[in-house]
Each structure stands twice: as structure tokens, then as C-alpha cells.
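Could you build all of it, start to finish, from the sequences and the hints given here?
Order-wise, the sequence lines are chains L and F.
All residue numbers for the first sequence refer to full-length UniProt numbering, where the first residue is 1 and numbers rise by one.
All residue numbers for the second sequence refer to full-length UniProt numbering, where the first residue is 1 and numbers rise by one.
Simulated from the structure, these hints should not be mistaken for laboratory data.
On a predicted model such as this, the values are computed, not experimentally measured, just so you know.
Take the hints with a grain of salt, since some may be wrong.
Intra- or inter-copy, both count: the list cannot distinguish identical chains.
Mimicking PhoX-like on lysine-lysine, the simulated pairs with C-alpha atoms at most 20 Å apart in a straight line are [stated by the list, open to error]:
id	residue 1	residue 2
1	Lys193	Lys268
2	Lys115	Lys252
3	Lys252	Lys193
4	Lys165	Lys333
5	Lys198	Lys268
6	Lys235	Lys356
7	Lys165	Lys300
8	Lys252	Lys235
9	Lys166	Lys300
These are the residues of each chain, in order.
Protein chains: 2
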Amino acid sequence: MLNLQIHSEHFTNPLYLESGRILEPYDIVYETYGELNEARDNVIVICHALTGSHHAAGTYEGDNKPGWWDGLIGQGKAVDTDRFFVICTNVIGSCFGSTGPMSLRYPYNDPYRYKFPVITILDMVKAQRILFDRLGIHQVHAVIGGSMGGMQALAFGVFFPNFAKKIIAMATTAATQPWAIAFNKVAQEAILKDPEFKNGYYDPEVIRENGLSGMAIGRMAGHISFLSHQSMAKKFGREYKRTDGLFELFGKFQVESYLEYNGYNFTKWFDPLSYLYITKAINIYDLSRGFDSIEEALNKINAELYLVGFEKDILFLPSEMESIHTAMLAMGKTNSDYLEVVSDYGHDAFLVEIDKIENYVREAL
Amino acid sequence: MLNLQIHSEHFTNPLYLESGRILEPYDIVYETYGELNEARDNVIVICHALTGSHHAAGTYEGDNKPGWWDGLIGQGKAVDTDRFFVICTNVIGSCFGSTGPMSLRYPYNDPYRYKFPVITILDMVKAQRILFDRLGIHQVHAVIGGSMGGMQALAFGVFFPNFAKKIIAMATTAATQPWAIAFNKVAQEAILKDPEFKNGYYDPEVIRENGLSGMAIGRMAGHISFLSHQSMAKKFGREYKRTDGLFELFGKFQVESYLEYNGYNFTKWFDPLSYLYITKAINIYDLSRGFDSIEEALNKINAELYLVGFEKDILFLPSEMESIHTAMLAMGKTNSDYLEVVSDYGHDAFLVEIDKIENYVREAL
Numbered sequence: 001m002l003n004l005q006i007h008s009e010h011f012t013n014p015l016y017l018e019s020g021r022i023l024e025p026y027d028i029v030y031e032t033y034g035e036l037n038e039a040r041d042n043v044i045v046i047c048h049a050l051t052g053s054h055h056a057a058g059t060y061e062g063d064n065k066p067g068w069w070d071g072l073i074g075q076g077k078a079v080d081t082d083r084f085f086v087i088c089t090n091v092i093g094s095c096f097g098s099t100g101p102m103s104l105r106y107p108y109n110d111p112y113r114y115k116f117p118v119i120t121i122l123d124m125v126k127a128q129r130i131l132f133d134r135l136g137i138h139q140v141h142a143v144i145g146g147s148m149g150g151m152q153a154l155a156f157g158v159f160f161p162n163f164a165k166k167i168i169a170m171a172t173t174a175a176t177q178p179w180a181i182a183f184n185k186v187a188q189e190a191i192l193k194d195p196e197f198k199n200g201y202y203d204p205e206v207i208r209e210n211g212l213s214g215m216a217i218g219r220m221a222g223h224i225s226f227l228s229h230q231s232m233a234k235k236f237g238r239e240y241k242r243t244d245g246l247f248e249l250f251g252k253f254q255v256e257s258y259l260e261y262n263g264y265n266f267t268k269w270f271d272p273l274s275y276l277y278i279t280k281a282i283n284i285y286d287l288s289r290g291f292d293s294i295e296e297a298l299n300k301i302n303a304e305l306y307l308v309g310f311e312k313d314i315l316f317l318p319s320e321m322e323s324i325h326t327a328m329l330a331m332g333k334t335n336s337d338y339l340e341v342v343s344d345y346g347h348d349a350f351l352v353e354i355d356k357i358e359n360y361v362r363e364a365l
Numbered sequence: 001m002l003n004l005q006i007h008s009e010h011f012t013n014p015l016y017l018e019s020g021r022i023l024e025p026y027d028i029v030y031e032t033y034g035e036l037n038e039a040r041d042n043v044i045v046i047c048h049a050l051t052g053s054h055h056a057a058g059t060y061e062g063d064n065k066p067g068w069w070d071g072l073i074g075q076g077k078a079v080d081t082d083r084f085f086v087i088c089t090n091v092i093g094s095c096f097g098s099t100g101p102m103s104l105r106y107p108y109n110d111p112y113r114y115k116f117p118v119i120t121i122l123d124m125v126k127a128q129r130i131l132f133d134r135l136g137i138h139q140v141h142a143v144i145g146g147s148m149g150g151m152q153a154l155a156f157g158v159f160f161p162n163f164a165k166k167i168i169a170m171a172t173t174a175a176t177q178p179w180a181i182a183f184n185k186v187a188q189e190a191i192l193k194d195p196e197f198k199n200g201y202y203d204p205e206v207i208r209e210n211g212l213s214g215m216a217i218g219r220m221a222g223h224i225s226f227l228s229h230q231s232m233a234k235k236f237g238r239e240y241k242r243t244d245g246l247f248e249l250f251g252k253f254q255v256e257s258y259l260e261y262n263g264y265n266f267t268k269w270f271d272p273l274s275y276l277y278i279t280k281a282i283n284i285y286d287l288s289r290g291f292d293s294i295e296e297a298l299n300k301i302n303a304e305l306y307l308v309g310f311e312k313d314i315l316f317l318p319s320e321m322e323s324i325h326t327a328m329l330a331m332g333k334t335n336s337d338y339l340e341v342v343s344d345y346g347h348d349a350f351l352v353e354i355d356k357i358e359n360y361v362r363e364a365l
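If you want it as C-alpha cells, here you go:
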């Protein structure tokens with residue numbers, strides 16, 4: 001059975017951040033599926049992407065939207081909740097319950113806003129590690145994630161080499177490249193320049209109500225980076241929303257309606273400051289930081305490493321995944337495997353092409 | 001010799017547009033290089049891209065910025081001005097002297113703004129054709145263009161089959177695909193939602209002075225589409241502007257500074273309404289309009305057709321160029337040739353990889 005449970009933990013000990021700053025106190029919200037066995041050796045950690053949350057599987061009562069990786073996680077699925085105890089935490093810096101820039105800053109009664117410290121992928125991973133320790137989980141069967149979730153999975157492997165037996169990282173990279181940073185830059189700039197953002201001093205209720213066009217525009221750019229030339233052509237073609245609108249300046253192609261809808265809808269459920277902080281964390285993600293090279297970092301990985309790249313992913317190229325595998329092999333490490341999935345779906349493939357990854361994940365586990 | 005000359009022609013006869021509307025009166029600004037021979041058979045037409053202009057070659061007195069295709073056009077160059085009389089016109093809808101949305105609307109003394117009609121690639125081509133007729137040029141040796149310039153070159157071939165002996169179209173497509181439309185959408189939305197755009201009733205002087213962040217953000221997205229993952233990685237890597245800024249929320253990577261500089265600088269020299277109208281023209285560009293199929297349209301081309309795609313171009317895929325060639329061959333037309341240029345430069349390759357295209361262009365001519 002799925003046995004979906006939502007939990008929250010409060011931490012009063014400071015979290016020492018990579019920047020030298022601290023986060024204190026802080027909360028972490030997480031979901032669990034399945035049951036922890038007596039030996040405590042059936043744990044699988046799922047890491048979410050930029051705008052994801054701890055709600056990875058199942059459907060809340062009264063809701064009809066399943067978790068973001070529901071196709072992969074559940075009873076009899078690749079991440080089988082009859083067999084595994086699955087945990088997915090909301091990363092610090094996000095806006096779904098874990099401490100982020102709009103959380104109240106102790107001991108004041110105001111949100112942090114820009115007083116929130118810059119956090120990194122490693123900070124997100126450390127915070128999870130501390131949570132798991134509190135839960136009495138000191139080793140896990142696997143850590144799995146895609147995109148920013150894959151960055152976390154790799155960071156677990158490098159910085160906590162004895163924590164996970166298996167690491168499955170999809171559609172991600174060893175260090176964020178300027179191409180991905182450029183997409184984030186468009187979104188950040190659009191948010192910052194929106195007068196309704198009020199230089200960070202917006203009222204979140206007003207934004208949820210009225211939207212925030214800057215964040216919508218940024219999300220539109222994001223959607224481009226998640227898709228591919230081919231998947232857009234297949235999905236939208238040159239379909240026009242109204243056939244008579246072709247020669248109207250504001251007549252719309254279907255692809256434009258899609259971007260508008262998803263862009264503006266996004267501002268109803270995501271926080272702009274969280275967007276700035278998490279994209280910052282993605283931009284400065286670099287596994288080699290603190291090492292002499294990427295190879296030296298990767299050399300720390302003891303876990304079985306499963307890397308999945310997607311053919312048409314333009315955000316994190318399959319070659320970025322493959323180069324991790326190549327580096328592992330070149331160091332004589334035999335604990336690495338690489339799969340390139342043939343797919344037109346671009347970066348989103350890790351979320352939508354479940355049928356093409358489930359067997360790989362099942363066998364890896 | 002280059003013999004750079006700038007001209008302007010005024011037209012009082014209406015231009016009948018594809019939309020059914022008319023443009024009347026209108027001006028076309030153009031540059032010429034070289035000299036028209038007595039037989040009037042040495043003319044080459046150069047077509048510019050979205051934000052290009054009639055200034056394709058040479059350098060104005062007191063200026064140090066050469067025309068946008070100066071590497072290709074000039075004395076002894078691939079488009080040899082000792083041999084050819086080269087004409088490049090500023091397209092209608094643009095903002096460098098030809099009639100566009102900020103031109104005064106006769107008989108009033110106000111700019112058109114939104115009263116400017118939607119124009120198409122075919123309209124741009126028709127206006128050029130009318131100009132050439134006035135100049136006594138009824139046939140040309142070649143039409144050459146890249147990106148939106150390539151769209152015009154192809155439209156010359158389809159709609160005026162006896163006009164050009166040779167068509168050279170680079171980094172373009174037979175019909176704009178949703179991926180390219182999506183990038184334009186981000187830019188359009190960013191312009192429209194900028195309060196300083198004032199719903200189209202901005203003061204152009206104020207924008208040139210203060211910039212327009214919405215257009216800057218749109219241009220940043222544009223720059224992503226012009227480059228490639230590989231060219232950005234090569235050009236910027238993960239270089240940071242200030243090494244101590246890594247953990248500052250607004251610390252910047254080099255790629256971010258590049259986008260910011262070029263984005264904001266762009267708003268000093270391009271008009272936002274022209275940007276809306278020209279991207280609209282690109283979005284609705286489809287050679288098959290008025291035909292039963294793309295093939296039927298391409299079948300009209302009598303000119304020798306030279307198609308150039310660039311390996312890492314993500315805006316107009318090389319496969320889009322190749323499919324035109326394939327369609328020509330499938331119809332038994334032997335007047336088509338296709339070259340795929342190996343380059344990391346993405347879409348911008350047609351502007352910067354002159355050494356990789358000059359021999360092809362020279363031989364084609």
C-alpha cells in the first residue's frame with residue numbers, strides 16, 4: 001500500500017551553511033510512503049526539482065492531482081512502496097513548508113525576505129541528512145532525483161559516501177553550465193524588474209491573487225528549457241487558437257496560450273523569493289567546489305551510481321550525464337552505469353517518460 | 001571598391017498587404033555597395049534578420065562598427081562588390097528608416113503605434129520588389145539572407161519565381177515552428193507587461209534614455225536562442241564576475257553580465273513596437289500559406305536554391321533546412337543544394353562563422 005503520510009520536523013540547532021552563514025531555527029516538511037522495516041534498511045530518498053515539493057506520490061484527500069513522480073512511486077511501481085519506505089523532503093529555501101525566504105525570521109515576526117541566506121545544493125542535502133539522523137535512518141538503500149533532484153542525489157554520493165547504497169541521478173549535471181544559468185537569469189531579471197515584486201517586499205497574498213507577470217514570463221522561459229523543439233512541434237504544431245486571428249497582432253498560437261496559462265498559473269502556487277534563492281542554488285552548484293577537480297569529487301562516490309540522460313534534453317545535455325560516467329570509468333571506478341533514453345520530451349522527459357525509465361529504476365534498486 | 005551609398009525612396013501607391021489591409025504611403029531605406037553594370041544583371045539582394053538593418057557592409061564615417069555581414073560583403077569578399085551591385089533594404093515594420101509602427105501615420109502627425117497593420121514576410125518581400133522595379137531592376141543574380149533574411153530569400157523564390165537566379169537561405173525554415181514562437185512569446189510578453197511600455201504609448205526618447213527592462217529581458221531570452229549550450233560553455237564557462245560574490249544572492253556569473261549588458265544595450269537602439277510587429281511576422285511566416293502544402297510552395301522555386309544549416313542552431317534546426325532540400329529532391333527538382341556547417345555557435349553562426357560559409361557562397365554565386 002502507499003501509506004502516504006505528511007510530517008514536519010522543527011530543528012533548533014543551527015544548520016551550518018556552505019556560505020559560512022547559519023540557518024536557525026528551521027523546519028523541514030516531508031512525506032513518506034510505505035513502511036520502514038525493522039532492519040531500517042529499506043529507505044529510499046526522493047529529491048525534488050526546482051519547483052517540486054515533498055508531494056512526490058499519491059493524491060491528497062479531496063484533491064485530484066497526484067504527486068509529481070506518482071508514475072514511478074507506489075504499490076507495485078518501480079519504487080515499490082510495498083517493499084520500500086520512501087521519503088521525500090521539501091528542500092530548504094522552497095515554499096511548501098520547509099524554511100525559506102518567506103518564513104518568519106526568529107525571533108521577529110517578519111519574513112526573512114532578503115535576509116534569508118544563500119543556500120546551496122549541499123546545504124539542502126545536509127539538512128536532509130540531519131532530518132534522517134533524527135529519524136534514526138543513518139543509511140539508505142537509494143537516493144533518486146532528476147534535475148535539481150539529481151544534483152542532490154549526486155551531492156549525497158560525493159559528500160556522504162557511505163550514506164546511500166545506490167544513487168540514481170537523471171537529467172542533471174556535475175556543475176551547472178552557463179546555458180542553464182542563462183535561462184535562470186531571464187527569470188530572475190523578470191521577477192526583479194516587476195514593480196509588483198516591490199523589491200522583495202511584496203504581499204504574498206496579493207501575488208497569489210493577482211499573479212506576478214515577471215515570474216510568469218520567467219516561467220515561460222523555463223518551460224522552453226524543459227521542452228524541446230521536437231516535443232513542441234509534436235504538441236502544438238502551428239495550431240492557432242482562433243483561426244481568424246492570424247493577422248491580429250495579439251492573435252495567439254496554441255503554444256503561446258500554453259505558455260501564458262502555465263506561466264501565470266505558476267505565480268499562484270510558487271513564491272518569487274524562493275524562485276530567486278533556488279535558482280541561485282542551482283546556478284552555483286558545482287560538485288568540484290572544495291575539490292581540485294570534478295574527478296576528485298566523483299572519486300568519493302562509493303555508491304552504485306546510475307545516470308540517466310535524455311536525448312533531447314537541452315537544459316542538462318545527456319553528454320553532461322555521460323561525462324560523469326566517463327570520468328568514473330577513467331578513474332577505474334566500476335560502480336557507474338549510464339543510460340541515454342531516446343525521447344523527444346526534452347528535460348521534462350524525466351517526469352513524463354515513466355515507461356522508459358521505470359524498468360531501469362526497478363532493476364537498479 | 002565598396003562604394004557604400006544610403007538611399008531612401010518614398011512610395012505613394014498603397015502596398016497591398018497579405019492581411020487585406022494597406023500601407024500608404026511608405027518609405028524604404030536601403031544601402032547599395034558596388035556598381036550596377038550596364039546589363040543590370042549583377043544585382044545581389046541581401047535580406048536582414050529580426051533586428052538587423054540595411055547597413056550590411058562597410059563602416060560609416062566617424063563610426064567604427066561595420067555592417068552586420070561585413071565579413072561576407074565587400075571588395076574581394078564572397079559577395080564581391082567589385083563584381084556585384086549589392087542592395088540591402090530595411091524591411092517595413094523595422095525602425096531604421098523604413099516605415100514601421102513608430103512612423104508618422106499620414107495625414108496625422110502621430111505615430112501609427114497599434115494602428116500599424118500586421119505585416120508578413122511576404123509583405124516585406126513585396127515592398128522590396130516594388131522598390132527594385134522602381135530602380136529598373138526586374139531580375140537579380142541572387143537573394144541571400146539568414147534567419148528572417150532567409151525567410152525573405154525563400155519567399156522571393158516561391159512568390160517571384162523568375163526574379164532571382166540564385167537563392168541562398170541560411171539558418172531558417174519553411175514555416176516557423178512553435179519552439180521559435182515560444183522564444184518570441186517570452187520577449188513579447190516581457191515588453192507588453194513593462195509599465196514603461198505604457199501599452200504602446202511610450203515616448204521613444206525616454207526609452208532610449210532609460211532603457212526598457214521588458215525588452216531587455218526579452219532580448220536576453222533571444223540571446224539564449226541565438227547561442228548554443230556549447231558556445232556558451234566555451235565563451236563563459238562558470239567564470240564569476242567577482243570571485244567573492246559566489247554566496248551573494250546578486251553575485252553574477254560572466255554569462256549573466258553578458259546577457260544583462262546586451263539586453264539593456266539593445267533597448268537603446270531598437271524600438272519595442274517594431275520588435276512586436278517583426279516577431280509577429282516571423283511567427284506567422286509559413287511558405288505554405290495559400291498553397292495546399294509546403295511542397296506545392298517549394299515547387300514554385302525556379303532559382304538555384306542553396307540551403308545552409310548550422311549544426312548547433314537550436315532556433316532553426318539544420319533539419320528544418322535539410323527538409324526543404326529533401327522536399328525539393330523528392331519532387332524531382334535538381335535545383336537544390338544543402339550544406340550543414342559544423343559549428344558550435346548556434347544560430348549566430350550565420351553571422352560569425354564567415355570563414356565556414358564564404359567559400360560556399362562564393363561558389364554558389
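These are the hints, each one checked on the structure:
no.: 1; hint: Lys193 <-> Lys268; in the structure: both (19 Å within a copy, 18 Å between copies)
no.: 2; hint: Lys115 <-> Lys252; in the structure: between (41 Å within a copy, 19 Å between copies)
no.: 3; hint: Lys252 <-> Lys193; in the structure: between (25 Å within a copy, 16 Å between copies)
no.: 4; hint: Lys165 <-> Lys333; in the structure: within (15 Å within a copy, 61 Å between copies)
no.: 5; hint: Lys198 <-> Lys268; in the structure: within (17 Å within a copy, 25 Å between copies)
no.: 6; hint: Lys235 <-> Lys356; in the structure: within (19 Å within a copy, 35 Å between copies)
no.: 7; hint: Lys165 <-> Lys300; in the structure: within (13 Å within a copy, 64 Å between copies)
no.: 8; hint: Lys252 <-> Lys235; in the structure: within (15 Å within a copy, 36 Å between copies)
no.: 9; hint: Lys166 <-> Lys300; in the structure: within (14 Å within a copy, 60 Å between copies)
When the structure is compared with the earlier hints, no violation turns up for any of them.
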